[in-house]
Amino acid sequence: MKLLFELLGKHSVSGDESEVSQVIINYAKKRMKSWKVQPEIYFGEDFHDCILFKFGKPRTAVFAHIDTIGFMTRYQNQLVPVGGPEILSGTRLVGKDSKGEISCQLMEEEEVCFHDFPRGIDRGTRLSFEQNIRVDDKFIQAAYLDNRLGIYNALKLCETLDNGWVVFSTYEEHGGGSIPFLLRFIQNNSPVNQALISDITWITEGIHHHEGVVISIRDKFIPRKKFMDRLISLAEKSGIPFQLEVESYGGSDGREVQFSPYAIDWCFIGAAEDNVHTPNEKVSLFDLDSMLRMYQYLMNEL
Amino acid sequence: MKLLFELLGKHSVSGDESEVSQVIINYAKKRMKSWKVQPEIYFGEDFHDCILFKFGKPRTAVFAHIDTIGFMTRYQNQLVPVGGPEILSGTRLVGKDSKGEISCQLMEEEEVCFHDFPRGIDRGTRLSFEQNIRVDDKFIQAAYLDNRLGIYNALKLCETLDNGWVVFSTYEEHGGGSIPFLLRFIQNNSPVNQALISDITWITEGIHHHEGVVISIRDKFIPRKKFMDRLISLAEKSGIPFQLEVESYGGSDGREVQFSPYAIDWCFIGAAEDNVHTPNEKVSLFDLDSMLRMYQYLMNEL
Amino acid sequence: MKLLFELLGKHSVSGDESEVSQVIINYAKKRMKSWKVQPEIYFGEDFHDCILFKFGKPRTAVFAHIDTIGFMTRYQNQLVPVGGPEILSGTRLVGKDSKGEISCQLMEEEEVCFHDFPRGIDRGTRLSFEQNIRVDDKFIQAAYLDNRLGIYNALKLCETLDNGWVVFSTYEEHGGGSIPFLLRFIQNNSPVNQALISDITWITEGIHHHEGVVISIRDKFIPRKKFMDRLISLAEKSGIPFQLEVESYGGSDGREVQFSPYAIDWCFIGAAEDNVHTPNEKVSLFDLDSMLRMYQYLMNEL
Chain A
1 MKLLFELLGK
11 HSVSGDESEV
21 SQVIINYAKK
31 RMKSWKVQPE
41 IYFGEDFHDC
51 ILFKFGKPRT
61 AVFAHIDTIG
71 FMTRYQNQLV
81 PVGGPEILSG
91 TRLVGKDSKG
101 EISCQLMEEE
111 EVCFHDFPRG
121 IDRGTRLSFE
131 QNIRVDDKFI
141 QAAYLDNRLG
151 IYNALKLCET
161 LDNGWVVFST
171 YEEHGGGSIP
181 FLLRFIQNNS
191 PVNQALISDI
201 TWITEGIHHH
211 EGVVISIRDK
221 FIPRKKFMDR
231 LISLAEKSGI
241 PFQLEVESYG
251 GSDGREVQFS
261 PYAIDWCFIG
271 AAEDNVHTPN
281 EKVSLFDLDS
291 MLRMYQYLMN
301 EL
Chain B
1 MKLLFELLGK
11 HSVSGDESEV
21 SQVIINYAKK
31 RMKSWKVQPE
41 IYFGEDFHDC
51 ILFKFGKPRT
61 AVFAHIDTIG
71 FMTRYQNQLV
81 PVGGPEILSG
91 TRLVGKDSKG
101 EISCQLMEEE
111 EVCFHDFPRG
121 IDRGTRLSFE
131 QNIRVDDKFI
141 QAAYLDNRLG
151 IYNALKLCET
161 LDNGWVVFST
171 YEEHGGGSIP
181 FLLRFIQNNS
191 PVNQALISDI
201 TWITEGIHHH
211 EGVVISIRDK
221 FIPRKKFMDR
231 LISLAEKSGI
241 PFQLEVESYG
251 GSDGREVQFS
261 PYAIDWCFIG
271 AAEDNVHTPN
281 EKVSLFDLDS
291 MLRMYQYLMN
301 EL
Chain C
1 MKLLFELLGK
11 HSVSGDESEV
21 SQVIINYAKK
31 RMKSWKVQPE
41 IYFGEDFHDC
51 ILFKFGKPRT
61 AVFAHIDTIG
71 FMTRYQNQLV
81 PVGGPEILSG
91 TRLVGKDSKG
101 EISCQLMEEE
111 EVCFHDFPRG
121 IDRGTRLSFE
131 QNIRVDDKFI
141 QAAYLDNRLG
151 IYNALKLCET
161 LDNGWVVFST
171 YEEHGGGSIP
181 FLLRFIQNNS
191 PVNQALISDI
201 TWITEGIHHH
211 EGVVISIRDK
221 FIPRKKFMDR
231 LISLAEKSGI
241 PFQLEVESYG
251 GSDGREVQFS
261 PYAIDWCFIG
271 AAEDNVHTPN
281 EKVSLFDLDS
291 MLRMYQYLMN
301 EL
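Those sequence lines, one after another, are chains A, B and C. The first sequence lines up with residues 1 to 302 when you count with the UniProt record's numbering. The second sequence lines up with residues 1 to 302 when you count with the UniProt record's numbering. The third sequence lines up with residues 1 to 302 when you count with the UniProt record's numbering.
Next up, chain A with everything else stripped away, as it sits in the complex:
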């Protein structure tokens, strides 16, 4: 889990994903010799801070977003959210501007957010939750498991993957915007008709810790029934524990696959977390393990 700890230590608020992007590139360069298949890697300014790995002859693309929610400084000591962070007064925030390192508290009054840093902070500075990783034999708890675990899953998948795209996207937490150009590149290079979204979902009245990876039948958007039927029947055959989710809210990179100019089926598959979009996101290690195994299984079978 050294990789996961390294990922959890980086800042990557939407629009500023270069640090995590670099970690992924460095990790791949160091480790890919031990991977079963050597992928072609696409990254750099033409791809903004996104990365694509192409293994063999892809039928399916896996998308893991590398950005996180957070805050941005406005005027005086105001903060505006990036994505949808939980607003809990007292939460520790960290960042950096032209004058140096920043560590402060989040405060809220009458639905406006502030920080308590003694000096002014440059306009437009991104602040992240202070990281605090806790692992025991049942759970991992930290800020930004959403979506460091999705990245981790995608990178572990690379070790054994024969055929498929593994794609690291940006901006997912703040409305998206990278999936359209990534999909265009994929479809022009080596097209697919299936996509899996490697991301983290929610513990709810129907989704519980330790009951396996979540396969989402819908969130705000709805994947195609024919594809879901096939995928769920494969999941059943796999013997890997999984739970079926039905939500009316929430979205993922799947939304932009749905609205893309390509007929690509998609499905969100990922472990569920408590304390969503807080510094205390909490995921069952059992569910994470099911996630890793389910991706390896499905990428072979789909």
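Don't take each hint at face value.
Intra- or inter-copy, both count: the list cannot distinguish identical chains.
To be verified - Here are the simulated DSSO-like cross-link-like pairs (lysine-lysine), alpha carbons at most 30 Å apart as the crow flies:
no., residue 1, residue 2
1, Lys2, Lys225
2, Lys226, Lys10
3, Lys226, Lys54
4, Lys30, Lys225
5, Lys99, Lys225
6, Lys2, Lys54
7, Lys29, Lys10
8, Lys225, Lys29
What the hints contain is simulated information worked out from the structure, not anything from laboratory work.
Following the hints, complete the assembly by docking chains B and C onto the known chain A.
Below, chains B and C without anything else, positioned relative to chain A:
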């Protein structure tokens, strides 16, 4: 109206449109020999559950969505809407899951929807309004006239069409998602710069039964004035009864034509209904007749 | 400022931008011989009412929207907004329908808008704010400075521009829809990876008159940090006065660049105004001057 009754008898909640898709394909295969022009037909997994007919050298594409609003089972006996159905306690719903046929009542308490089916229903099962078709000499009344009438109009148009695309889209009731790939296919195959949306709109204080098909000057989105001026002046020349609609809400497949990467003018043209998105949608047969005639006229003249 | 006055005198409510489009074409035809570089000009029905100028070998595209907010007549004496105009009872509105010129007052009761014109107005007629241009030595005040000033800036830029696209878009005030096809044309003809949005923003607690052009670090959407860092450092080097904006609401043509299928960095740069979307929009001439100079500087340096 045998075709219309057959269409009204099928379930096709967004994301699960294969039954209606099959009815359309079967109908076309059986009837197209009597059509004036033999179209090229595109369908199958590459098009998900959508279908495209190409007649001659198209200048205009007609879009009719084949999905409907409905419900999906969540956890326990909860239901979540698909699209925007009217929530009326007591409404009869039908569907099917792994354990068999389902017939139950919709119930609402504190803005949460439930069903009263005595056994649990598989998560993610789609439920439709129970169908009850009523026709007299003035009106047709049934569930899902929106958009079975739009499909019916598009298929009747095929009988006499010389040039044009007739396209059956999915997901319209739930945010869309098929128009982008359909348009890309059209523009790469035989491009158009005009689109008509064959769909059903609303009776309002300005739109009345028996006053003709509705030509919509705007809903939430606004077609280009130059195109509307030309289209309305043709409609006036046609002698076919029509009404002009101006709304600030509502959308259609036209929305995705508007936001597509092609300069395509579009307009919504269709009969108006009462009791929108209930099992009792009601349309004037006179207005339906104007709709059929207006499409035949405009597809020649535009 | 004759050009600006001419632009301010035209009506161009979203979806009906042909008048302003014509002014731009006529101006360019008359003046382009004195421009440093002769652009290629693309316009006409294939581009709806949009216009593109290509200068040299573009690295960056400038977008200025040519539409404005306004109203559309509905049934009886009702009005529905186009875009988001401020609703102030008593505001003078003007327009034209099949029966002739219209001049009336806007009235609001219980969140519904009406007009007081003595005769009925054709359904779907667009009404604009009555124009009243006021200039002193510090300010210009008028209806529709948003975005006549953005157009003016783009056209002044043409005089000295070596390399770049200058693009006039439609529909920006009402959800957009022209940027996708304009971008597709640009990327197929002479692609860019940078875009500047020539538009007008808001005076707020952090943005003041006479303090220079506004460079927006974010509105509802967020440009990429790497690009903003480079752009702001250039702006600092320029010596031209500028202010940094951080907002959580509002959008521009930048939104559609963000969600396009191309990896194009973008930034909104424009003067700020008071009395947004009223007939009394007010912009500092000092800020307008900084805007003109900043575009000339950045289009060279980026």
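**OP:** Against the structure, test the hints numbered earlier, and report the numbers of the ones violated in rising order.
**Re:** When the structure is compared with the hints, none of them turns out to be violated.
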